[in-house]
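**Student:** The lines below spell out each chain.
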Amino acid sequence: MKANIELTEERIAEIIEEKMKEYVVKKRNHAPPSHDDHHDDHHDDHHGSAWGPHDWEHGAPHNSWAPIIMSFGFTIFLFGFASTFVMNDDMNNTVYNGNYLSMILVGLAVICSGLLIWWRQDLSFDGHYEPKSAGAPFQNIDIRKVGMWVFLMSEMMVFSSLFTTYIRYRMGTESCQTILDNHATYSNGLPFSPGDACWVPASYFIAGEHAESWTLVLLPDTLVPGAINTFALIISSFTVVLALKTAKRTDLEPTERSRKVRNYLGATLVLATLFLILKMVEWFVGFSIGPFYAPSLMSDGYTIHNELYHFGGHGGEYIDVNLRLSAATFFVATGTHGAHVLAGIIGLTYMTYKAHKGSYNPDNSVSIEYFGLYWHFVDLVWVLVFPAFYLY
Amino acid sequence: MGHTIFGKDAYNMNFAMLMILTAVEVGAVASSVNGDISEQMVIFILVSIGVVKFLGIAFIFMHLRMEPDSNILTLTALFPSFFILMMFIFIAITVPGAPDSLPAWCRF
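Chains as they are written, first to last, in our numbering: chain A, 1 to 392; chain B, 1001 to 1108.
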């Protein structure tokens, strides 16, 4: 009984503290800036350094060199990377050019220094102060939320360019099946020469007639990893939603709430990891488990270097086709998506640890919401990638 | 966070819908491979379901509906549409060989 009373007193003290913080935040966000505030923000030593930790008690920071430094770093890194791994004269293999390796290292160093500055400036942020956007048209919307959406806009452009490339090449390149059906002749009547480029979609290897084993009768075994991945991503989107809902719940004890949030984020992490593992299995490893058998795309010959793939053969007739165009669009699009999943895994690892330490509560759960936006976007892209590249 | 669809939690409903539609997608392709439905029908099913799933995730999971700031954030999300449309019209659905007629400075 005594323990209950002590617990209640603790809870009351915690509620009072939370309410006081909430009051301070509300007052800070809604009160018009006084002359003193203005003075504080712009003229005296409360103003955070563009290089170091910011004093969050006196408003949102609006000065940082981190983004500019990181942009330069990425420019140097990508230029060096593209110059280090170049195509040979025959354009059929990658050649290593060590002259630009130092540029890659310099680029990575500059990126890391930008990250270090960013980390130092954000280190002082306790999660209880959510700065609001002041400029049109985003007035009074959380500034980090606006930032996340602007980031997602740029991501939409990246994936749209990949889809545009895919559609362009898919529509502009004649199907190998059509050429084979026409007895090695293009639809315009010209003869097909071995090594000519035509289109063999990835779905031919994953969900098409090429698939050998059909253990589940309705689905070829090669489609199983992709199908599991699709469900895994959808479930992981839902577990992020549940993590956010749970973090906002005020009817749970803090320890119970933290445990549940950690479990939901942990489940998301497990599903994301499963996604990448199955992706690697599908690309490089393949599997043979009991009656299930699926060769990897690589062992099937679906690679960006394959210029003489033996296509057909069911009726004895075949053509040797160049797969590079089709394979390159597939691996770049799905690989870019996989890289985003990997970035999500890194973020989720940190967030699961943070949840384990009990850092998420109803006042401080926006990080889960903003990460959730990113994660739902990754799911959204897969919703388009899966049918476009795996099924069609 | 307490939004509902047909009296049920919106997130749960959306999750159930996404799972069912994905199963339909996979089933449609399986039927196509088995020769039960035509390729055109499969494309129609995949595009239709893709659009519905896309909207379900964007509107409900990403809060582009039902929140006070949903409208402006939806407009923000739609902002790249113009550029995406340009890419689709002038690149994705151009005729084969169209880039060959571009001036040299446009090409590698």
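Please note that a few of the clues may not be correct.
According to the in silico footprint, chain A covers these stretches of chain B (three or more CB under 8 Å from chain A) [what the hints assert, rightly or not]:
#	region
1	1017 to 1025
2	1041 to 1053
3	1056 to 1062
4	1074 to 1081
5	1084 to 1094
Derived lysine-lysine pairs resembling DSSO-like cross-links, with alpha carbons at most 30 Å apart [to be verified]:
#	chain 1	residue 1	chain 2	residue 2
6	A	357	A	19
7	A	132	A	279
8	A	357	A	260
9	B	1008	A	245
10	B	1008	A	260
11	A	357	A	248
12	B	1008	A	248
13	A	19	A	279
14	A	145	B	1008
15	A	145	A	260
16	A	354	A	245
17	A	279	A	260
Everything labelled a hint here was simulated from the structure, so no lab data went into it. Each residue gets a CB set at the ideal place from its N, CA and C atoms; glycine is no exception.
**Student:** Decide, hint by hint, whether the structure agrees.
**Tutor:** Each hint, compared with the structure:
1. 1017 to 1025: Coverage by chain A holds for the region 1017 to 1025 of chain B (4 residues, Cβ < 8 Å).
2. 1041 to 1053: Since three or more residues must qualify, the claim that chain A covers the region 1041 to 1053 of chain B holds, with 7 doing so at under 8 Å.
3. 1056 to 1062: Check passed, 4 qualifying residues.
4. 1074 to 1081: Per the Cβ count (5), the hint holds.
5. 1084 to 1094: holds (count 7)
6. A:357 x A:19: Answer holds: residue 357 of chain A to residue 19 of chain A is near 22 Å, not above 30 Å.
7. A:132 x A:279: violated (40 Å)
8. A:357 x A:260: holds (12 Å)
9. B:1008 x A:245: holds (15 Å)
10. B:1008 x A:260: holds (22 Å)
11. A:357 x A:248: holds (16 Å)
12. B:1008 x A:248: holds (19 Å)
13. A:19 x A:279: violated (47 Å)
14. A:145 x B:1008: holds (27 Å)
15. A:145 x A:260: holds (24 Å)
16. A:354 x A:245: holds (17 Å)
17. A:279 x A:260: holds (29 Å)
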